[in-house]
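> Which chain is which? The protein sequence lines are A and B, in order. Mind the numbering: the first sequence is residues 1 to 355 in this note's numbering, read in order. Mind the numbering: the second sequence is residues 1 to 355 in this note's numbering, read in order.
No wet-lab data here; the hints were simulated from the structure. Given the structure is predicted, the values throughout are model-derived calculations rather than measurements. A portion of the hints provided could be inaccurate.
All copies of an identical chain are treated as equivalent in the list; a pair is satisfied when it fits inside any one copy or across any two copies.
[Unchecked claim] Derived pair list, reagent style SDA-like, types lysine to any residue, alpha-carbon separation capped at 25 Å:
hint : residue 1 : residue 2
1    : LYS47     : ARG131
2    : LYS235    : GLY171
3    : LYS63     : ARG322
4    : LYS352    : PRO233
5    : LYS70     : LEU332
6    : LYS168    : ASP232
7    : LYS352    : THR38
8    : LYS336    : LYS352
9    : LYS168    : GLU133
10   : LYS336    : ASN90
11   : LYS230    : SER294
12   : LYS290    : ARG275
13   : LYS235    : PRO91
14   : LYS352    : GLY34
15   : LYS336    : ARG349
16   : LYS352    : LEU316
17   : LYS49     : PRO302
2 protein chains.
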Amino acid sequence: MKTAMIAAAAPFAGANALAQTSNKKLGVALCGLGGLSTYQIAPALQKTKYCRLAGVVTGDPQKARQWQRKYDLPERSIYSYDTMERMADNPDIDIVYVVTPNALHLEHATKAARAGKHVFCEKPMEISVARCEQMIETLDKAGRKLGVAYRCQFEPHHLECMRIAREKELGSLRIIEGAFGFPVGDPNQWRLKKALSGGGALMDVGIYVVQATRYLTGEEPVLVSATEAKTDPVKFKEVDETITWTATFPSGVIAYCATSFNAGPLGHFRAYTDRGWFGLDPAFNYSGIKGMRSDGKPLEFPQVDHFATELDAFALSILENRPTKVSGEEGLQDVKIMMAIYESIRTGRAVKLAS
Amino acid sequence: MKTAMIAAAAPFAGANALAQTSNKKLGVALCGLGGLSTYQIAPALQKTKYCRLAGVVTGDPQKARQWQRKYDLPERSIYSYDTMERMADNPDIDIVYVVTPNALHLEHATKAARAGKHVFCEKPMEISVARCEQMIETLDKAGRKLGVAYRCQFEPHHLECMRIAREKELGSLRIIEGAFGFPVGDPNQWRLKKALSGGGALMDVGIYVVQATRYLTGEEPVLVSATEAKTDPVKFKEVDETITWTATFPSGVIAYCATSFNAGPLGHFRAYTDRGWFGLDPAFNYSGIKGMRSDGKPLEFPQVDHFATELDAFALSILENRPTKVSGEEGLQDVKIMMAIYESIRTGRAVKLAS
Numbered sequence: 001m002k003t004a005m006i007a008a009a010a011p012f013a014g015a016n017a018l019a020q021t022s023n024k025k026l027g028v029a030l031c032g033l034g035g036l037s038t039y040q041i042a043p044a045l046q047k048t049k050y051c052r053l054a055g056v057v058t059g060d061p062q063k064a065r066q067w068q069r070k071y072d073l074p075e076r077s078i079y080s081y082d083t084m085e086r087m088a089d090n091p092d093i094d095i096v097y098v099v100t101p102n103a104l105h106l107e108h109a110t111k112a113a114r115a116g117k118h119v120f121c122e123k124p125m126e127i128s129v130a131r132c133e134q135m136i137e138t139l140d141k142a143g144r145k146l147g148v149a150y151r152c153q154f155e156p157h158h159l160e161c162m163r164i165a166r167e168k169e170l171g172s173l174r175i176i177e178g179a180f181g182f183p184v185g186d187p188n189q190w191r192l193k194k195a196l197s198g199g200g201a202l203m204d205v206g207i208y209v210v211q212a213t214r215y216l217t218g219e220e221p222v223l224v225s226a227t228e229a230k231t232d233p234v235k236f237k238e239v240d241e242t243i244t245w246t247a248t249f250p251s252g253v254i255a256y257c258a259t260s261f262n263a264g265p266l267g268h269f270r271a272y273t274d275r276g277w278f279g280l281d282p283a284f285n286y287s288g289i290k291g292m293r294s295d296g297k298p299l300e301f302p303q304v305d306h307f308a309t310e311l312d313a314f315a316l317s318i319l320e321n322r323p324t325k326v327s328g329e330e331g332l333q334d335v336k337i338m339m340a341i342y343e344s345i346r347t348g349r350a351v352k353l354a355s
Numbered sequence: 001m002k003t004a005m006i007a008a009a010a011p012f013a014g015a016n017a018l019a020q021t022s023n024k025k026l027g028v029a030l031c032g033l034g035g036l037s038t039y040q041i042a043p044a045l046q047k048t049k050y051c052r053l054a055g056v057v058t059g060d061p062q063k064a065r066q067w068q069r070k071y072d073l074p075e076r077s078i079y080s081y082d083t084m085e086r087m088a089d090n091p092d093i094d095i096v097y098v099v100t101p102n103a104l105h106l107e108h109a110t111k112a113a114r115a116g117k118h119v120f121c122e123k124p125m126e127i128s129v130a131r132c133e134q135m136i137e138t139l140d141k142a143g144r145k146l147g148v149a150y151r152c153q154f155e156p157h158h159l160e161c162m163r164i165a166r167e168k169e170l171g172s173l174r175i176i177e178g179a180f181g182f183p184v185g186d187p188n189q190w191r192l193k194k195a196l197s198g199g200g201a202l203m204d205v206g207i208y209v210v211q212a213t214r215y216l217t218g219e220e221p222v223l224v225s226a227t228e229a230k231t232d233p234v235k236f237k238e239v240d241e242t243i244t245w246t247a248t249f250p251s252g253v254i255a256y257c258a259t260s261f262n263a264g265p266l267g268h269f270r271a272y273t274d275r276g277w278f279g280l281d282p283a284f285n286y287s288g289i290k291g292m293r294s295d296g297k298p299l300e301f302p303q304v305d306h307f308a309t310e311l312d313a314f315a316l317s318i319l320e321n322r323p324t325k326v327s328g329e330e331g332l333q334d335v336k337i338m339m340a341i342y343e344s345i346r347t348g349r350a351v352k353l354a355s
């Protein structure tokens, strides 16, 4: 451990050196082998240019064997949560992608950082502001990069919407409408257990809308006001089922948003300007994003693999030693806003955010 | 006056008698000859089955002449706001359609009632709860019918949405998203003067969304929470520019809504159930309403003239001596909710509504 800590804190070795140790592609260890890793991230890692699946961390030995066989992973790159700090001795692994339940992100990111690895962390970053801050500090002290898996920040339709907003191509932004939700299945999943998830629909999918309102405006909200509705107090005993919220931004833009684990599917945004609108519907799916503009011009781009794209972007930021677009601070900011949304629900009052 | 009051308070003469006095169609006097009367209501009255344009009330003698010529109106059916109570002696006029600025509705409805006429009143009914209640009482005492011009309540796409919601054809309602707004033109119009309008975007167009959330759920909201945004404090010195609000209903349905005088155009609603959705976009335009359902089935109906349809429905309710669907109480309820929305903005708190 001591050695690993010292190694991690040492000045960054340089992009080329790191890349060379892993066949020019950075090695990614997937930490947490649930549905997202299985059906989205691992397949995506077969398509990436700058990184590759190099190892796994799982609490399930049987899963470990399956993954080892399927992806032809070396024995030494298979870890449990208890052994993952041994990664310090494994030059094949450069990045740990933390895909465990929200409340375990800090623990697993910390172990990865102690092993001298960069961390790419699923959203939401963690379940409290303090834990996000701790993760940032830990990675910072370890001299390793921290990225949060905000796939939409690299998706062409979303990027085009940011451009239209920033260049005021269809006018000045006034109102953003956004929603993401679906009827959640298995009542026993960790997403419905507050100790693991920190919250329900908002933490899991509402966060996409929180993000979108920020990257569309390019601003931070100054006031949020929120309301909760619960129709199934058994299934949603511990976490939020449906939340709507309003966020106001310094320029006067106002966002009105919804998220739900028991409605829809719903997943779109539309940005209204002083003379038109543009938006995506569906906006947040893994594929099939569709754009529309009030002037009838196309808002169409090739569909990309969201996970491959965000992973390559993070790997490149390491290889080129540049700041990542989806920093820990970015992840922290969304958690701050979500905590203010929960506070507004608890108190029945609009909540001011530090600007 | 005295005579008119006594006549008005007398038992209702009977549908046939009234209809016969006006060539089987009820005579409608348009009170207020602005854009809505000129471009929507008067043309609609050429298409109605159960009523016809029989007179006008205007403060502008030149307009009076123009309308008289254009619609071949008899001299005695041309009134000013000061002379309209003389309608008591004019059997050609059965209904006064009040299309004046919001804060004048009570005055003009009262004059019409005193002249023994039924009143059809533009939305919003009036600018305060007390003034709405006074209008209801006045018409009630006069023994005359009062209807509020909620055209969507008679529009086939809206009726179909109410049916889908009520029959749970696509599941149980969970979330309603709704918005109506547009960039308002002339900065000198009465809609921007609080003394005449009582409020801005919310009173003028947001009311459509308030209505829609009520007729889709079939319930009254129990809690509203609202936020205002203002980007042009000169143009919108007296009234609201943009408002977003949330309304929660007893069954757990939650509505998140927006209205604006400085964005869009925006004008749609979508109702999300526990397993799908349905909605209209555009929803509130005078024509071109389009429906969509999550199951891909059509939600299409012939386009109707909204004004002709609502006027015929009101006329029929008089001819058949039935309650109107769009009663004064219906108008009052929306004003109560809008006042709660303004209160929430003022106080920064969620506001409970009497259920």
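> Which constraints among the numbered hints does this structure fail? Numbers only, ascending.
1, 3, 5, 7, 9, 10, 13, 14, 16
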